[in-house]
Each structure stands twice: as C-alpha cells, then as structure tokens.
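K.L.:
Sequences listed follow chains A and B, in order. Residues 1 to 271 in this note's numbering are what the first sequence lists, from first letter to last. Residues 1 to 216 in this note's numbering are what the second sequence lists, from first letter to last.
The hints are simulated quantities; they were obtained by calculation from the structure and are not laboratory data. Please note that the accuracy of each hint is not assured.
[Said to hold, decoys possible] One side only, chain B facing chain A, incomplete, derived with CB under 7 Å:
#1 Leu21
#2 Arg26
#3 Ala99
#4 His100
#5 Gly130
#6 Val154
#7 Glu196
#8 Lys197
#9 Gly199
[Claimed, not checked] With a cut-off of at most 20 Å between alpha-carbon atoms, the simulated DMTMM-like pairs for lysine to aspartate or glutamate come out as follows:
#10 A:Lys96 - B:Asp15
#11 B:Lys125 - A:Glu179
#12 B:Lys125 - A:Asp70
#13 B:Lys125 - A:Asp238
#14 A:Lys96 - A:Asp70
Cβ coordinates follow ideal geometry from the N, Cα and C atoms, glycine included.
These are the residues of each chain, in order.
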Amino acid sequence: MTLTKRIIPCIDVDLNDEGEAAVYTGVNFEDLQYTGDPVEMAKKYNEAGADEFVFLDITASAEGRETMLDTVSAVADEVFIPLTVGGGIRTREDIKETLRAGADKVSINSGAIANPDLINEGARSFGSQCIVISVDARRRYDEDGEYYEEIDGESCWFECTVKGGREGTGLDVVEWAEEAEERGSGELFVNSIDADGTKDGYDIPLVRAVTDAVSTPVIASSGCGGPEDMYEVFTEADADAGLAASIFHFGEYSIAETKEYLAERGVPVRL
Amino acid sequence: MSSSRQIVADVVVVDYGLGNLRSVTRGLERAGAGVEVTDDVADFEDADGIVLPGVGAFSEGMENAGPFRDALLEQAESGTPVFGICLGMQMLLTTSEEAHHEGQGDVEGLDLIPGTNVRFRGDQKVPHMGWNELDVQREHPLVEGVDGEHAYFVHSYYADPDDADAVVATTDYGVDFPAVIANEAGNVFGTQFHPEKSGETGLRILRNFVDICAEE
C-alpha cells in the first residue's frame, strides 16, 4: 500500500446567540446555517472515519477567538486524529496559542499574505509540518496574472483573494504557492471562491496548477458535491486530500460511503 | 471511541520544550496511564515508563534533550520502557543526516538503537504526511493487534538501524522504511508515526505501551 488520500470534513465555527461555539455551514461564503455542536460533530466524524479535521474560526472577534481555543481543546481531548485550525491567525503568538490549545497545524490565509515572513517564522519555531497556507482563489480572465491555464478555450489565471473573496490582492495563486513552500509551509490548502458551495465539483484546473507547482501536500477545498468529485480531484488534479463541509454536515453522503466509493475505484483510502 | 481505563501504570512524558504534549498526554490517560509531564529527571526514577515525544528538527531536539541524556540512558539500561515518538524515536538512534543537511555536523543521538536517520530519496513528496499502512515484521508487544492498520505520519527523515532485527514494522512510501523499531532487550522502542493522532489504531498502541509499563 501507499499513502492514502485523506478525506477531511471542514467545520466552520461561529458563536451562537448564547456566545457558545457552534458549527455553521455556508454557500458561497455566505448564507450560513446552523448545523451543530463542534465537539459532538468532531466525535461523530471521527467515528465515521474522517482522516483529519479542519476547524475554521469565522467569529473574527477577540471573544470568539477565546471560545474557539476552548473548543479546539475540547475537541483535541476527545478525538485522536490531526486537527488543523484556521481563521484570524496573524502573528507568531496566534500560532503558538492555537497549537498549545491542541491544534496540530494552523492554517494561515490573509495573515501570511500581509506578512509573508510569518511563514518563515512559524516554520522555524514550530516546524513546517504545522504551517498550512490557505488560499482563497478566484479565476480571472485578464492579463494581470503570472501563470495561465486554458479553460474552455479561455485563458485564465487564479488570484489570491481575502475577506472571503470580497477583496482581490493581485497575487497569483501559483506564484504565491511556490513562495509559501519556499518560505517553509508544510501544506497548501486551496479554496475556490468560484466553486465554493456550488457542489459542482472542485476547481480542477486550479488544484492541478497548484499540485504541479509545489511538492508539499495539497488539500483541495470548495465545490465538493459528492464522492465522484473527490474521485475527480484525486485522479485528475493529484490532490493529497479532499475537504468537504456541506455534503457531510447535511448528511447527503457519509464519510464511510465516500471512502468506499473511492476504494472501489482504486483510490487508496483508510477504511 | 474507546472509553478510559483505570490507571494501570504511571508514565512520564519528557517535556523538553518542543511541541504539543496535550494529545499524547490525553491519549496515554485514555490508555490507562497516570501521566506526569515533566522536565525534572528526578521523576524518571519512579516512573513505570518514559515517553520521549517530539516534533521538529533533530539537532534542536537533541540540544533540548541534552539535560535528560544521562538519566534516559540510565533508565533504558535498567530496563524501564522508553518510548520515542516521531522525532523522539529518531533521537534513539546514533545520528541523523538532518544535522548534516543543516550544516551542523555530527549531532549525537542517544545511541540506544544504533543507526542513522536518513532522508527520503526519490520523487515522492516530502514530508511524508498522512495515513499509511503498518506491516508488522516481527513480534513485539507494542504492535500487538495493529498489523495492516493505518497510522498517521509526518516526517521527512526515517530511522535506518544498523541491525535489521531492530525493525519491528515497516511502511511503504516509495521505500519500505521502519515505522516501528525496538532494541534487542525490547524495552527501548519507538514509532515514526504519531500514535496519539492515529485514531483507534494509535490508542491500541498506547494501550499496548501502558500494558508493557504495567508489567515492569
């Protein structure tokens, strides 16, 4: 056997009206719906065979951050699989306290774009294995990019965005992925603003462009509508892990049946 | 998910200033250990077993573990179970290519299991990160019940013991590398993967370890 492809449920955590951590699931980074308690959900997914968890803190407040860290600890005490935590990480201190709370990896997005040295610093202090760089990519069909893909006869590049896709940065995703790896990131987490919440499948050209450019593992995110989309991203874009939120949260597919589907088609998974 | 056992052994987790010890502590507790996280070698004496955890770089790990070296060697010699995890396992060997790559020359490991840690050669992605399969090569109480199961790995170097008999289990990542090693006496052993991150399989290994400690 070889290294298995990882199936990772992503859990967006916000505060509910009582100020408690709660899981929400969105469509196109908007329209969040309450889907459960984070610790219960993590336990359920662990039993169902999740290979890892990603927790995203979407509270964006100091109060939320405190609650989030308590939630991370509660999950880490219950569930013995790797836990990646992202959202609002901007400093070495943020990385440290998140790891100390029980995260195995931190996912850094705009904090690394604003201050790329954070990647070097984080890798040096805590090891590359725990620094995950996350990008929110958006397709652009103009001349401002560095690396172009042909998609349906059109030439397109991928731009790093921030603030849930509302703001462009002008930074080319492929170029940024290479730089992040150079600076010491241990993994890349590729989200697509175009595909997010659509359930039409991952942005295959995007994921392919990133896996071609870097040698560290790539986690594909956004757009998963079912096991066949996972199959596509593993076989056609060479992703190392597939992340999904809504298909698991809303119970459309279980992790177990997703893995069985993949195993039947020859994709190595942990059953 | 298995529920907690009663405490059957007392183990110490060596805190040499690296990494997240929370998961390994909770995992050991669930496996039936009373756990003390310590940076005081005086605590080694009364322990039924010692866990050497670790993430990060070899030379930094050895530097930080420096103050514990003599006490670790003494406990290993006296037969106390010593369990190295990931970097902690690599530190059981004599040296590592990693220190050479970093331009730090020879950095001495604990030399409890003679050998060198070497980097993956080939076109596989490095680090080797994710779940991979355990192929048990020989009997050792640590690996009871886990042959063919998956464990979670994150590493760029792997142990290459001088004595092939030190290899307890292997994993295939372009090369069959040692995933579990042990010394001849059987009381010093290590896993390249993280049992505290390997779900039920990992908890089984931690329970096996606690049982080994309880027998001491």
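K.L.:
Now, for every hint given, state plainly whether the structure supports it.
P.N.:
Each hint tested on the structure:
1. Leu21: 10 Å, violated
2. Arg26: 5 Å, holds
3. Ala99: Because about 15 Å separates Ala99 of chain B from the closest Cβ in chain A, which is outside the 7 Å limit, the hint is violated.
4. His100: Result: violated, 18 Å to nearest chain A Cβ.
5. Gly130: 5 Å, holds
6. Val154: Cβ of Val154 of chain B sits 5 Å from chain A, so the hint holds.
7. Glu196: 6 Å, holds
8. Lys197: 5 Å, holds
9. Gly199: At 5 Å from the nearest chain A Cβ, Gly199 of chain B passes the 7 Å test, so the hint holds.
10. A:Lys96 - B:Asp15: The hint holds at about 16 Å.
11. B:Lys125 - A:Glu179: Given that 20 Å is the threshold and the Cα spacing comes to 17 Å, the pair holds.
12. B:Lys125 - A:Asp70: With a Cα-Cα distance of about 34 Å, the restraint between Lys125 of chain B and Asp70 of chain A is violated, given a limit of 20 Å.
13. B:Lys125 - A:Asp238: 12 Å, holds
14. A:Lys96 - A:Asp70: Holds. Lys96 of chain A to Asp70 of chain A sits at ~14 Å (cutoff 20 Å).
In this structure, the earlier hints numbered 1, 3, 4, 12 are contradicted, and the remaining ones agree with it.
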